[in-house]
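Enquirer: Protein chains in written order, with our numbering: chain X, 174 to 299; chain P, 174 to 299; chain S, 174 to 299.
Treat the hints with care, since some could be wrong.
You can't tell identical chains apart in this list, so a pair holds if it fits in one copy or across any two.
The calculated DSBU-like cross-link candidates involving lysine-lysine, where the alpha carbons are at most 35 Å apart (straight line), are [what the hints assert, rightly or not]:
#, residue 1, residue 2
1, K227, K244
2, K256, K236
3, K244, K256
4, K227, K194
5, K194, K256
6, K227, K256
7, K236, K194
If you are wondering where the hints come from, they were derived from the structure by calculation, not from laboratory data.
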Amino acid sequence: MSDGDQATVLYVMTHGVDDPKRCATPFYLAATAAAMDAEVSIYFTMNGPTLLHKDAGEQIGPKGPDGERLKHFIDQALECGVKLLVCQPSLDLNDLILDDLIDGVRMIGGAAFNDMAIDADAVITF
Amino acid sequence: MSDGDQATVLYVMTHGVDDPKRCATPFYLAATAAAMDAEVSIYFTMNGPTLLHKDAGEQIGPKGPDGERLKHFIDQALECGVKLLVCQPSLDLNDLILDDLIDGVRMIGGAAFNDMAIDADAVITF
Amino acid sequence: MSDGDQATVLYVMTHGVDDPKRCATPFYLAATAAAMDAEVSIYFTMNGPTLLHKDAGEQIGPKGPDGERLKHFIDQALECGVKLLVCQPSLDLNDLILDDLIDGVRMIGGAAFNDMAIDADAVITF
């Protein structure tokens, strides 16, 4: 990237509530990047949108029942300014509608995602 | 990327017929990118080559037995000009040979893949 | 990337000893890239650090009990100059400490990882 520009980092999350051990890392790394003044989004596709269900944040956590909840990591990312984006067809894949998800999630199509990926300084898919 | 250049996007698919829910997204996004005039390839490695088996397209689909077949998404990608590439060692990993796969798949080695990844405007791994 | 520069490639490995079929590809591709004079690192996060446990290299292999061991692929990558990096919180996630891992693995934090991803010519996540 050019010197002086703000870096843009696009995380992609493809795993959902069935893989709780994988749930925290994208939010943690995205929060870290946003705290470094990068412009950071996480795009949820495949099973990823299930993590954004209103009930998921309290139900699962990366270290099981006794560890930190997913909500902790989502909240941290949101507080740092990370944008949460969801893939339209993957909502249908998981029998979800946008209203099932936590507030602040924006739905985008495949073309907008590809544009973001092409323009990003890094695309990191989980 | 430089203004005026055609964007190149490299998708990588690592999941195969054992994860039908994940099978359609790379083809869908790649088709979308190709329809935007990007030069788009999907590289199949790990379990990914199993999706290209001649029989897989009719056998699985992202939404189970009643939903759209994988073949629909593969055909859409091919019609948009997406190139399908397969990793040589991962054919062996899945006990496949190139003749088991649908027509038009090209086999490339690790060095060619790395060159493509370095030159691409975006690498998106699933 | 600019002509004449050495390319930098950052692999990310998120799967561990529970997915032996996936274990060899990142080491193989990273070794190939390093042999092409790129500067190559593999960052292990989520379940990835379990592959670096001192005992894992002899215990698993991509083709099961009769095939090549993981150790073969790790050694090949190390001989080509690939750097192995591990994510600090993911050690805890897998109940590991750095001393459990093979020699030469370096621990880095999320900020350092993001910087590497932003500066890399390609980030390839598995």
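Enquirer: Confirm or reject each hint.
Expert: Each hint tested on the structure:
1. K227 x K244: both (10 Å within a copy, 34 Å between copies)
2. K256 x K236: Intra 25 Å, inter 28 Å, cutoff 35 Å: intra and inter.
3. K244 x K256: Classified as both; 15 Å inside a copy, 33 Å across copies.
4. K227 x K194: Cα proximity of K227 and K194: in one copy and across copies (19 Å, 22 Å).
5. K194 x K256: both (22 Å within a copy, 25 Å between copies)
6. K227 x K256: within (17 Å within a copy, 39 Å between copies)
7. K236 x K194: both (6 Å within a copy, 24 Å between copies)
The structure is consistent with each of the numbered hints, conforming to all of them.
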